[in-house]
Each structure stands twice: as structure tokens, then as C-alpha cells.
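S.K.: Okay, here's what each chain looks like letter by letter:
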Amino acid sequence: MLRLSKDIWENRHALRSQFYVNTKTTVATTKLGMLWWILDPLFLMLIYYFVVKVIFNRGGPNYHLFLLCGLVTYQFFSRSIALCTGALVRSEGLIKQASLPMVIYVIISPLVQAFFCIIGFIVIMIWNYHALGLHTLSIVVPVFLTIMISFTAGLFLSIFEVYIRDTGKLISYVLRFGMYLSPVLYASDRIYDNPSIPEYAKALYSLNPMVHVITAVKDLLFHGRMFDPVPLLIVFAAVFAIMQFGLFFFRRSSPYVPKML
Amino acid sequence: MTEFSNDTCQPLSKNLSPIVVFDNVSLCFRKHSSIFELFFKNKNRDKNFWALRGVSFCIHEGETLGIIGRNGSGKSTLSLVCTKVYQPDKGEIEINGRVQLLALGVGFQKQLSGRENVYISGSLLGLKTSEIRERMDEIEAFADIGEFMDEQVRTYSSGMRSRLAFAIATAIRPDILILDEVMATGDNAFRDKAMDRMKNLHSLTKCAIVISHSPAQLKQLCNKVIWLEKGRMVMQGEPTPVLDAYQAFCKNPKEWMEKHPEYLHDSNITTSNQS
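Chain order of the listed sequences is A and E.
Numbering follows this note's numbering, with no gaps: position 201 of the first sequence is 201.
Plus 1000 on top of the position in the second sequence (first one is 1) and you've got this note's numbering.
Honestly, the hints are just simulated from the structure, not real lab data.
Misleading hints may appear alongside valid ones.
[As the list claims (entries may be wrong)] Below 30 Å or equal to it, Euclidean Cα-Cα: the simulated DSS-like pairs (lysine-lysine) are:
#, chain 1, residue 1, chain 2, residue 2
1, E, K1084, A, K259
2, A, K31, E, K1084
3, A, K96, E, K1259
4, A, K6, E, K1128
So that you can see chain A by itself, here it is in the shape it has in the complex (with noise of 0.2 Å):
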């Protein structure tokens, strides 16, 4: 952990450049640029609003927004995740000309994805002024674990990746699936207090952090209330300790990686 801050604090000259880099080029030849920031969630929105509220005719009051908390979020970790996988292949040119730790490339992809989510949530905050409070700063709570999550994934899916080229195919349908186990499109009561769901299941749906995380969002951006900090404190403390897990596994792996790629 210590080592992680040493290489970010020496290489954030160049952890900077990659974030403007990452931002910049996904909107440099659109006409509509940094628009796209805002429109991208947006859409997403207007897409499962149809789908959900018109077609199937579900979904609470404001249902555009309590979606939107969640599909945020869940696109914030789904992208940063498949982005993490990717990120030793698709750096192979950096990783043989530049001297940057490799780590650099892992952790750039959640930082970028986060920055695309806080646009995402400012404007979740203008549309639903109403639950606005002291509160909506511990916003960055939630931001700051799914940087974490999905980091310590990418130690782990970034060295799979260079050994098994199939391990981001097999990601995109997890992040698929994985969207249905977290409370997107439904709040997570609805698993907790169906009588029908099996106590196990429940137990093992409550192992999903993203759970947690977006239930978080969703209680301080959508109800305007704080959150229930336990559950959070649980997956920060699990979370961090895999990390500590991870950062020794892709210490170990990635002198391998350069011929592999």
C-alpha cells in the first residue's frame, strides 16, 4: 500500500497526462464534446425509463432519477472493471517504451470512470434539488469504494487478461449479469423483503458490494437522507484487504507480463 502511494505520488505527472488523455480523446472529434459527458448517462437513462416504466409499466414515482442514481453508478463500476482488464494489453506499447510501475495503468481506468460519474451525479443533484443537505458530501464515499472494488479487481483481471485473452469476454457478461444482482433498476428491499427469496440467497446477493454502494448513492441522492455507514465500513474493510492480497499478487506477476504481451 505504501509502495502503491509511493509509485502514484512519483509518476503523477504522467497519471495526470493519462487522465487528460482518457478524458479528453473520448470526446475530441465529436461535435457535441464535453456535452457527451452529460448526454451519455442521459440516454441510458431514457433507454431502460422505456423499457421499464412505458413497456413493462414499473418503476415508483420519479423512477428517471432513482434509476439514474443507479445506472451511474453501476456504469462507473462496469467501465472501469472491463476497462481494468484491458489495461496491461492494451498498454502494451507504453509498458516497453515508458518506465511507469504497471500499476499506473490499472488505476487509471477507475480514477477516469469516476471523474465521469461525479458529471453523472451533479447532475442527478441539479435535476433532484429537493434532497439536497449536509448529507450529499459524503457522496464521495461511495466514489472513493468503487475506485477501490474496482482497482483491486484489475490486479487481478488485468494479469488474467494477458495470460487469458477470453477473461474480458468473460467479464462483459459478468458486468451484464451483474447489473440484474444490484438494486439498478429495483431497490435492494425488494430482495431483502421478499418472503420468497431464500435466506441464503439473500445472504450471498448481500455479498455484492455493489449492493451496498448504490444503495448508498441512491439513499443520499435520490431520498436525501445519509446512509447506513455499516455496511459500507464492512466492504471497505474486506475491500481493502484483498487489495493488500492483489497489490502482492500483481507485484509478483507483472515482472512476467512485457513477454506475454
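Take the given structure of chain A and dock chain E to it, following the hints.
M.R.: This is chain E only, laid out in the frame that chain A set:
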């Protein structure tokens, strides 16, 4: 001409410390790899492809080492071992100083302007933002692309892109500079300008390694040359004899090998006419 031997590590001048030391370095690529190799030893070492085999040399302060060899001889692999991108499977390396492989267009983004790319590429090559800002005028002057500096790189000609990339790459000041075929691009005027720049840059670094297919270029830049073939070192020594031997070999490898059977044992040189 000095034939390769493990204990050959003589500086050109006395009292110069070695900056780069390769001691019997070998490096292999796995033909079939598995993630389990990260945890268990590779039992199929014989099935590996050895890109470098028993390479030993020394570079002292003030020296410029040239590396020549045919395609696939291990020149670029050797440069990546120097930059510690590849870890050797056998042998030891000692690098005393900051190494930089002078690569053109590192991290270039064609959708962004030349100026933005200077910051991006410079930061990836280890420069701080303030250092890039300080050297911007120098980079602009060398690249000599005028108003195109603020245009997207995708609108550049390949010559303009090379000039900008070369200007950025040579703005760094490492202790050990590695040049891997960087002067193969651009027109003659650019090559002359690049050659002058290289000579200036060389005076600012402790030592340099130049990888090239051009014996003339190596004779001009280097004071020591090694010749690689199939991952093994055939000869090392002063540029003229080594490069003359290499050129004679390239004209007719089979005939050269028949005349110099002493090299067959160590180098396992193929006798094809590939060049």
C-alpha cells in the same frame, strides 16, 4: 577486434566506472504459456525460444555502444533488458543510472494537438510538467512545424510527426540513452539534423547504446560495437573491424561462415541469405 569473452570489460580510458554490465545474460520467451507459471516453475524450458543467450558486455562512462545484427538477432530485446522491461532468465545485469529508451511518439494521440502531445509524451518519458514547459521552446524550435504545433496530430505529415516525436524524445536527459532505430525515419535533411542532435545529447549523458542496421551510422556514433546473431554475441570491439566483418557476413553468410568456422561453435549462426 576483440573476440567475446566473459572477462572482457575494459574501458576505453582508465579510471572510468562501468555504467552497464551484462554478465552472461539469457532471456527466453515461452512458446506456450500458462498463468500457473506464475506460481510453479516452468518445466518445459527446452521448448522455450531463447532470444538472448549468454550475452556479456560492459559500457563505461563516456562510451557509446553500437549493436548490429540481422532481423530477429535480439537487438531490441537487449535494449528492453537494459530498460528493465524484460527480466533476464539467466545471468546478471547491473545498471548504474537512469536508463531511457529513446522511443518516438510515446503515447501520441492523433486527436490531440502537437502541444498537448508534448506534455503527454514528455510526462510518460519521466519529465515533470514544469520541465516540459521549460523545454517547450527548444522542442518547438527543433520540430520546426510552425503553426501546426496547435493542430491535431492527425493532420501532420509523417515527416512532421517524426520531427515532433524526435524533439520530445531528445528533450529528456537520462544517464544511459538507448536509441533503437530512431534515425531510420524522415528525409535526409532531418537525419542530418537528428544526427547533430544525437551528438549533442550524447555529451549530456553518461553513455549511450545505439541499435541500427546502418554500419555507417554506427561508425559515426559509436566507439564500441557488438554484433548479435540469433541471440548470441558473435563479436565485440572497435567499430570498423566488427562492422566490416558483419557487412562481409551479410553479403554471403554461408561463404563467411566457411571462412570463419571459429564463430560457428559459439554463435550457431544460420547460413541462410536472410538479411
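S.K.: Tell me if the straight-line CA distance from A/K31 to E/K1084 falls inside 30 Å.
M.R.: 43 Å, violated
S.K.: Given the hint that A/K96 pairs with E/K1259, test it: the Cα-Cα distance must not exceed 30 Å.
M.R.: Violated, because 39 Å separates the two Cα atoms, which is more than 30 Å.
S.K.: Hey, E/K1084 versus A/K259, does the alpha-carbon distance stay inside 30 Å?
M.R.: 12 Å, holds
S.K.: For the pair supplied as a hint, A/K6 and E/K1128, confirm whether the alpha-carbon distance does not exceed 30 Å.
M.R.: Between A/K6 and E/K1128 the Cα gap is close to 16 Å, so the pair holds against 30 Å.
Against the hints set out earlier in the document, violations occur for numbers 2 and 3.
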